[in-house]
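For reference, the chains in residue letters:
2 protein chains.
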Amino acid sequence: MTDLLHYEDFTVGESRDLGTYQVTAEEIKSFAREFDPQFFHLDEERAKSSVLGGLSASGWHTCGIVMRMMVDGYLGRTAGMGSPGVNEVKWLKPVYAGEMLRGRMTVLAKRQSQSRPEMGLVTMRWEAQSTKGETKIDMTGINLIKVRTP
Amino acid sequence: MTDLLHYEDFTVGESRDLGTYQVTAEEIKSFAREFDPQFFHLDEERAKSSVLGGLSASGWHTCGIVMRMMVDGYLGRTAGMGSPGVNEVKWLKPVYAGEMLRGRMTVLAKRQSQSRPEMGLVTMRWEAQSTKGETKIDMTGINLIKVRTP
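Chains as they are written, first to last, in numbering that gives the first Met the number 0: chain Y, 0 to 149; chain U, 0 to 149.
To be clear, the hints were calculated from the coordinates, so they are not data collected in a lab. Do not rely on the hints blindly, as some may be mistaken.
Put simply, identical chains are the same to the list, so a pair is met inside one copy or across any two.
Said to hold, decoys possible - Below, computed lysine-lysine pairings styled on DSBU-like, alpha-carbon distance capped at 30 Å: (1) Lys28 x Lys89; (2) Lys109 x Lys47; (3) Lys109 x Lys89; (4) Lys145 x Lys47; (5) Lys47 x Lys28; (6) Lys47 x Lys92; (7) Lys145 x Lys89; (8) Lys145 x Lys28; (9) Lys145 x Lys92; (10) Lys89 x Lys131; (11) Lys131 x Lys28; (12) Lys89 x Lys47; (13) Lys145 x Lys109; (14) Lys47 x Lys131.
Just chain Y, with the same shape it has in the complex (with noise of 0.2 Å):
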């Protein structure tokens, strides 16, 4: 355990960079058939004359992408406790198939739980840019995370 990042390991104004995430067609419209089947996350050639312009991600399928960034990225070895929510999810963009994404956190503040001293709430702010630096998503949300020495 000693060895996972604490609450004490994140820094208000820390930025980390969450690598890159690949989005095919065949992603997008799998997820669409799943969770958002409407025609623009499933057809290219109906999405082409759509207000999205051509096949594009569900946002909530661009929110999943974000967060597999963000357990790559720190979640995965951080001793994690959840989260209550988010309280900003702003899709800027659509994204299309074929676009590479790059994922950052930047940790906006913290504190610890009052009631609950052994937690501590970090806020973080997470954004997607596509490779011509065009900003996709921006959220803004809380991660629970243990305190080292409560």
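Chain U: place on chain Y using the hints.
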């Protein structure tokens, strides 16, 4: 197109039942392997000793489930134009393997876009409860919906 629900068909204060969704252990693990590989979403035995107390769905999986209930409940027969985001997602209680969720949406506010009068912004609240009446997730966000007569 005339039989699709449009902006005018949504009334502030109205509430719609979004039906039910059965959550299985296999689906929880399958989602987690792809998007949220933390042990309390992957491993029944280890999950029992976690803060969540048992195998439970990724919060993002629960969001996907609510999205599916939205599409089946009204969005699939609505002249939808996507969404700019959600401004609150509260994961209030773990969603355990084997639970059945029932969704509900409530219209909180609506307005036509000033710059694009053919587009309406409908602010909604989406909730899902277990059959025991426990609210598992509570979200607020916007659906963009075409105005029938701009």
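Between the shortest in-copy and the shortest cross-copy C-alpha distance, which are at most 30 Å for Lys47 and Lys92: within, between, both, or neither?
So Lys47 and Lys92 pass the 30 Å test inside one copy only (15 Å; across, 39 Å).
Please work out whether the CA atoms of Lys89 and Lys131 approach to 30 Å or closer within one copy, between two copies, in both situations, or in neither?
within (19 Å within a copy, 32 Å between copies)
From the Cα coordinates, with 30 Å as the cut-off, is the pair Lys145 and Lys89 best called within, between, both, or neither?
Classified as both: same-chain Cα gap 28 Å, cross-chain 20 Å, threshold 30 Å.
Intra- versus inter-copy proximity for Lys28 and Lys131 (alpha-carbon distance at most 30 Å):
For Lys131 and Lys28, the Cα distance is within 30 Å only inside one copy (23 Å; across copies 34 Å).
Go through the copies and call it for Lys89 and Lys47: within, between, both or neither, with a Cα cutoff of 30 Å.
within (23 Å within a copy, 34 Å between copies)
Identical-chain pair category, Lys47 with Lys131, by Cα at 30 Å
Cα proximity of Lys47 and Lys131: one copy only (21 Å, versus 44 Å across).
Tell me, please, which holds for Lys109 and Lys47 at an alpha-carbon limit of 30 Å: within, between, both or neither?
Intra 43 Å, inter 28 Å, cutoff 30 Å: inter-copy only.
For the identical chains here, do Lys109 and Lys89 meet the 30 Å Cα criterion within one copy, between copies, both, or neither?
both (22 Å within a copy, 19 Å between copies)
Measure nothing new, just compare the shortest in-copy and cross-copy C-alpha distances for Lys28 and Lys89 to 30 Å and report within, between, both or neither.
both (21 Å within a copy, 27 Å between copies)
Are the CA atoms of Lys145 and Lys109 at most 30 Å apart within a copy, between copies, both, or neither?
Within. Shortest intra-copy distance 12 Å satisfies the 30 Å Cα cut-off; inter-copy 41 Å does not.
Are the CA atoms of Lys47 and Lys28 at most 30 Å apart within a copy, between copies, both, or neither?
within (15 Å within a copy, 34 Å between copies)
One pair to classify: Lys145 and Lys28, alpha carbons no more than 30 Å apart. Within, between, both, or neither?
between (37 Å within a copy, 24 Å between copies)
In summary, the structure agrees with every hint in the numbered list given earlier.
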